[in-house]
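Please work from the sequences and hints to get the whole structure.
Number of protein chains: 2
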Amino acid sequence: MKQSQMLIPTLKETPADAEIASHQLLLRAGFMRQNASGIYSYLPLGFRVLQKIETIVREEMNRTGAQELLMPAIQPAELWHETGRWDVYGPELMRLKDRHNRDFALGATHEELITSNVRDELSTYKKLPMTLYQIQTKYRDEKRPRFGLLRGREFIMKDAYSFHADQEDLDKQYQIMYDAYTKVFERCGLDFRAVIADSGAMGGKDTHEFQALASVGEDMIAYSDSSDYAANIEMAEVLTADERPNEDLLPLTEGENNEQQNRSLNYVCFKANEKLVVVYVRRDDEINDVKVKNVLEVDMIELLSDQEKQAAGLDPFHLDSEVIVLADNGVKNIVNGTLHVEETNKDYINVNPERDLSIKSFYDLRFIKEGDPSPDGKGRIKFARGIEVGQVFKLGTKYSEAMNAVFLDENGRTKPLIMGCYGIGVSRTLSAIAEQCHDEKGLIWPVSVAPFQLHIIAVNSKNEEQMALANRLYEQFGTRYEVLLDDRKERAGVKFAESDLIGCPIRITVGKKAEDGIVELKVRRNGEVIECQVNELDQLIDAHLKD
Amino acid sequence: MKQSQMLIPTLKETPADAEIASHQLLLRAGFMRQNASGIYSYLPLGFRVLQKIETIVREEMNRTGAQELLMPAIQPAELWHETGRWDVYGPELMRLKDRHNRDFALGATHEELITSNVRDELSTYKKLPMTLYQIQTKYRDEKRPRFGLLRGREFIMKDAYSFHADQEDLDKQYQIMYDAYTKVFERCGLDFRAVIADSGAMGGKDTHEFQALASVGEDMIAYSDSSDYAANIEMAEVLTADERPNEDLLPLTEGENNEQQNRSLNYVCFKANEKLVVVYVRRDDEINDVKVKNVLEVDMIELLSDQEKQAAGLDPFHLDSEVIVLADNGVKNIVNGTLHVEETNKDYINVNPERDLSIKSFYDLRFIKEGDPSPDGKGRIKFARGIEVGQVFKLGTKYSEAMNAVFLDENGRTKPLIMGCYGIGVSRTLSAIAEQCHDEKGLIWPVSVAPFQLHIIAVNSKNEEQMALANRLYEQFGTRYEVLLDDRKERAGVKFAESDLIGCPIRITVGKKAEDGIVELKVRRNGEVIECQVNELDQLIDAHLKD
Numbered sequence: 001m002k003q004s005q006m007l008i009p010t011l012k013e014t015p016a017d018a019e020i021a022s023h024q025l026l027l028r029a030g031f032m033r034q035n036a037s038g039i040y041s042y043l044p045l046g047f048r049v050l051q052k053i054e055t056i057v058r059e060e061m062n063r064t065g066a067q068e069l070l071m072p073a074i075q076p077a078e079l080w081h082e083t084g085r086w087d088v089y090g091p092e093l094m095r096l097k098d099r100h101n102r103d104f105a106l107g108a109t110h111e112e113l114i115t116s117n118v119r120d121e122l123s124t125y126k127k128l129p130m131t132l133y134q135i136q137t138k139y140r141d142e143k144r145p146r147f148g149l150l151r152g153r154e155f156i157m158k159d160a161y162s163f164h165a166d167q168e169d170l171d172k173q174y175q176i177m178y179d180a181y182t183k184v185f186e187r188c189g190l191d192f193r194a195v196i197a198d199s200g201a202m203g204g205k206d207t208h209e210f211q212a213l214a215s216v217g218e219d220m221i222a223y224s225d226s227s228d229y230a231a232n233i234e235m236a237e238v239l240t241a242d243e244r245p246n247e248d249l250l251p252l253t254e255g256e257n258n259e260q261q262n263r264s265l266n267y268v269c270f271k272a273n274e275k276l277v278v279v280y281v282r283r284d285d286e287i288n289d290v291k292v293k294n295v296l297e298v299d300m301i302e303l304l305s306d307q308e309k310q311a312a313g314l315d316p317f318h319l320d321s322e323v324i325v326l327a328d329n330g331v332k333n334i335v336n337g338t339l340h341v342e343e344t345n346k347d348y349i350n351v352n353p354e355r356d357l358s359i360k361s362f363y364d365l366r367f368i369k370e371g372d373p374s375p376d377g378k379g380r381i382k383f384a385r386g387i388e389v390g391q392v393f394k395l396g397t398k399y400s401e402a403m404n405a406v407f408l409d410e411n412g413r414t415k416p417l418i419m420g421c422y423g424i425g426v427s428r429t430l431s432a433i434a435e436q437c438h439d440e441k442g443l444i445w446p447v448s449v450a451p452f453q454l455h456i457i458a459v460n461s462k463n464e465e466q467m468a469l470a471n472r473l474y475e476q477f478g479t480r481y482e483v484l485l486d487d488r489k490e491r492a493g494v495k496f497a498e499s500d501l502i503g504c505p506i507r508i509t510v511g512k513k514a515e516d517g518i519v520e521l522k523v524r525r526n527g528e529v530i531e532c533q534v535n536e537l538d539q540l541i542d543a544h545l546k547d
Numbered sequence: 001m002k003q004s005q006m007l008i009p010t011l012k013e014t015p016a017d018a019e020i021a022s023h024q025l026l027l028r029a030g031f032m033r034q035n036a037s038g039i040y041s042y043l044p045l046g047f048r049v050l051q052k053i054e055t056i057v058r059e060e061m062n063r064t065g066a067q068e069l070l071m072p073a074i075q076p077a078e079l080w081h082e083t084g085r086w087d088v089y090g091p092e093l094m095r096l097k098d099r100h101n102r103d104f105a106l107g108a109t110h111e112e113l114i115t116s117n118v119r120d121e122l123s124t125y126k127k128l129p130m131t132l133y134q135i136q137t138k139y140r141d142e143k144r145p146r147f148g149l150l151r152g153r154e155f156i157m158k159d160a161y162s163f164h165a166d167q168e169d170l171d172k173q174y175q176i177m178y179d180a181y182t183k184v185f186e187r188c189g190l191d192f193r194a195v196i197a198d199s200g201a202m203g204g205k206d207t208h209e210f211q212a213l214a215s216v217g218e219d220m221i222a223y224s225d226s227s228d229y230a231a232n233i234e235m236a237e238v239l240t241a242d243e244r245p246n247e248d249l250l251p252l253t254e255g256e257n258n259e260q261q262n263r264s265l266n267y268v269c270f271k272a273n274e275k276l277v278v279v280y281v282r283r284d285d286e287i288n289d290v291k292v293k294n295v296l297e298v299d300m301i302e303l304l305s306d307q308e309k310q311a312a313g314l315d316p317f318h319l320d321s322e323v324i325v326l327a328d329n330g331v332k333n334i335v336n337g338t339l340h341v342e343e344t345n346k347d348y349i350n351v352n353p354e355r356d357l358s359i360k361s362f363y364d365l366r367f368i369k370e371g372d373p374s375p376d377g378k379g380r381i382k383f384a385r386g387i388e389v390g391q392v393f394k395l396g397t398k399y400s401e402a403m404n405a406v407f408l409d410e411n412g413r414t415k416p417l418i419m420g421c422y423g424i425g426v427s428r429t430l431s432a433i434a435e436q437c438h439d440e441k442g443l444i445w446p447v448s449v450a451p452f453q454l455h456i457i458a459v460n461s462k463n464e465e466q467m468a469l470a471n472r473l474y475e476q477f478g479t480r481y482e483v484l485l486d487d488r489k490e491r492a493g494v495k496f497a498e499s500d501l502i503g504c505p506i507r508i509t510v511g512k513k514a515e516d517g518i519v520e521l522k523v524r525r526n527g528e529v530i531e532c533q534v535n536e537l538d539q540l541i542d543a544h545l546k547d
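Protein chains in written order, with my numbering: chain G, 1 to 547; chain W, 1 to 547.
I should point out that these hints are in silico values taken from the structure, not numbers from a laboratory. Take the hints with a grain of salt, since some may be wrong.
Below, simulated EDC-like cross-link-like pairs (lysine to aspartate or glutamate); rule was C-alpha separation at most 20 Å, straight line [to be verified]:
(1) W:Lys-12 - G:Glu-121
(2) W:Lys-12 - G:Asp-120
(3) G:Lys-415 - G:Asp-169
(4) W:Lys-143 - G:Asp-103
(5) G:Lys-126 - W:Asp-487
(6) G:Lys-127 - W:Glu-490
(7) W:Lys-2 - G:Glu-68
If you're wondering where the values come from, they're calculated on a predicted model, not measured in any experiment.
Structure (structure tokens):
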């Protein structure tokens, strides 16, 4: 494409509301425009990148044998009533009425719709397994849209759904999709981790999130410095490494708390299903709600307010038998520890958990910390922030049971379909790449998703010789690469600055030495500049694009 | 793809609410499923066809130099207020509120959005012309969704918008898009006409609709039997061919109306901008409202009710000078004609229009009829029904003026951008192809958009030899064509019937003679069957797919 004919509205100033680099640069380099809060137009450059990501996703999905279809964004409320999600989804689900006053949702996700599409079709085990996917626009009315495409209200997702006769078959497909996702994000040039995640309210079991590492990410990841282990920090298992001190148990007594931190105990009181729960951890550890919930097998726990604590009159040393007492594994090896009881403002020493605190069993209940041993036994834990670009999820039968999507098994028994679901944030991936791949001058696109591979610049577009050579190279390389030719009547400085801003992998500058057939090749990624004869370009470009 | 693993939910019965062939067959052959009235899922077969149409559209658009972008479906109401369309669009525009109670439209069209995207960018003539397009989902809350994808509420369109410094440049681009549309529909295998259409309420001048000929079409087209002339019937110009009889004018008198029809006059009374309008035509002709409106240069005319006619006390022979009197060209050559005056129930003979009826000038005001000479002077007019699959439109400055989208011309003067817009109904094109290309057994896809080019059927999937050969052909041809292999354990009759229903261009049947290396090739289009050696297949397939 000739730049003079393209819509690339670059901005000199950084828009005030763009807080992070990807958002700023995608706007400044003219890849997109905001039309409303969290709602964007992809301009020609942005659309080209989007299309490349979509192609990568499509190729890897097709390779797994998944079939592409396309479902509507507008979904009848009746389907969402079947699963109960019409009422529980909240204001993030955008809703509208048609001219006949019927209720519809704008699809935030398509579990209901896909299940309604297949429920009368996959009626026998013979038609299973089946995996269907679409690349489609999704809607979520975010409370606080921000960070450009990272948290938008209209965005593009690839969502896939698989249907199985048994758990084993789902497990197999889950691994296939996991591997395909790994390929997708590798091909997109992302630095990412597949992290163990919380299945939370979605109601299934196993799930992994694919997190692109970035300091602006909203999720915190714990990963091993020596293996590919990674988990959302609330999911990272803690190995107990401490040894139990070989000391005699001393008598419990009031006393000043001057012990070392790792002998100091702390407790927190919760309410879960109307029952009181007291959870002990070491004072230097932090209780992980998710783990407490999982141990209690409840969906929600609430911290007891000060008032409620007063009312309950909890005395840690004389707890009512109704109270559930849990302790983190780290508490197990405390001998002659200390405890401060807030309610009475008293300090105790020589506290021995099993003897004094009605603790019957110990669990992994705390957040992992940097420096902890990795749960897979390899290396130590480090923390990083991530942008969730994909998720694979074993849904189980939540939707098939609610919507009566059943099949006949080999023995003629009716069973609910076992489902998996698999999402990739396509537009979010675009942003995540921009977030990882930029410098202070602009974007640095990986070759696989670059809007153009080559950017040819005629330094002086009034110079006929330069323009002729630039045009010749444009024609010549245009048959093999995607080439952007800056044929504008702009100052050279403007052209160079905008070229760095746009971030094509290779820039070819046609300047004063054009008459000698000499041009300059610049590698955007590392700034390397090579002056060369025109006939050497071919090989140099090939070598650098393959790199 | 192996058919056993694909979601192709064929139906034996025709769904009750599917009235036309394309709707019935796309449902029966498992190309799509309805999710709500006028809202569909494209299942894998339907999606494949859709994708091919999109690719054809994209290739032809890119060839014109148009740039692809992608705008959001959700559009802020403010933009629609700028053009006033928020209030005038009516219930077809789907509307919703976000969690902050702000108003949004689901895009039925994108003139406002594209204009807002470019209005600060195309600020000088140097950046013009520019053409931008997208392939995107559109929403229109049709009063009566019907005919499957032909009149849906969520559908896929290609919409393009061009921006120009002057009318001449728009004219040039209009022709380029017109030619590209011709290529698109030719490549899709459609029998279509580019017809002169009414610019109506859109507010521009020139416009052509691309109409796929089909008896179920909602539009009536007048076309020449000897040239490529075609127009919507309300737009077709009428040539006046009659000669004026060389007779003396006789005195006007009351008398019985026993003249031949072509001397008989008729008149109709309208109201336009509060003025009375009387329009004369020959009794065997029909007044064309659109032409009357265009002559009067008004947006709307209303028929006078009987009461209003009585109140006005119109006497055709003594009309008030305030009344506008128009006559169709066909009236001009009437000599000694007849007229029945309904208001007084009297008949007159020897009526001579210019002498007796205050007629000052004659215009083309009637509908064209079959058999009339074609307006381009070539051949005679025939009528056909059409499905509108595309439209090209010279918008002018309607949107740029309303939204203050201006540029500086070469002389430094501020002018509104001159716009064109160009739409293709992508999902409607899919339906139109199905409507034109089918027989009583099922669909007959043109090669260019077929979901698969080859359908290989193993007659008896329990027969190892047959399955081995079918698989071998599947592998062999899969490298060059898209191949669907029917590997299901179904009866041969079911396989054949469903193959005809799905409608791939070529079927290869592997049956009893598999052991002798003999198979059968069947051409779906004409039913031709060729028994051949496996090694002859290559050439036969090539020949038939190129046909």
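- So which hints don't hold here, by number, going up? none
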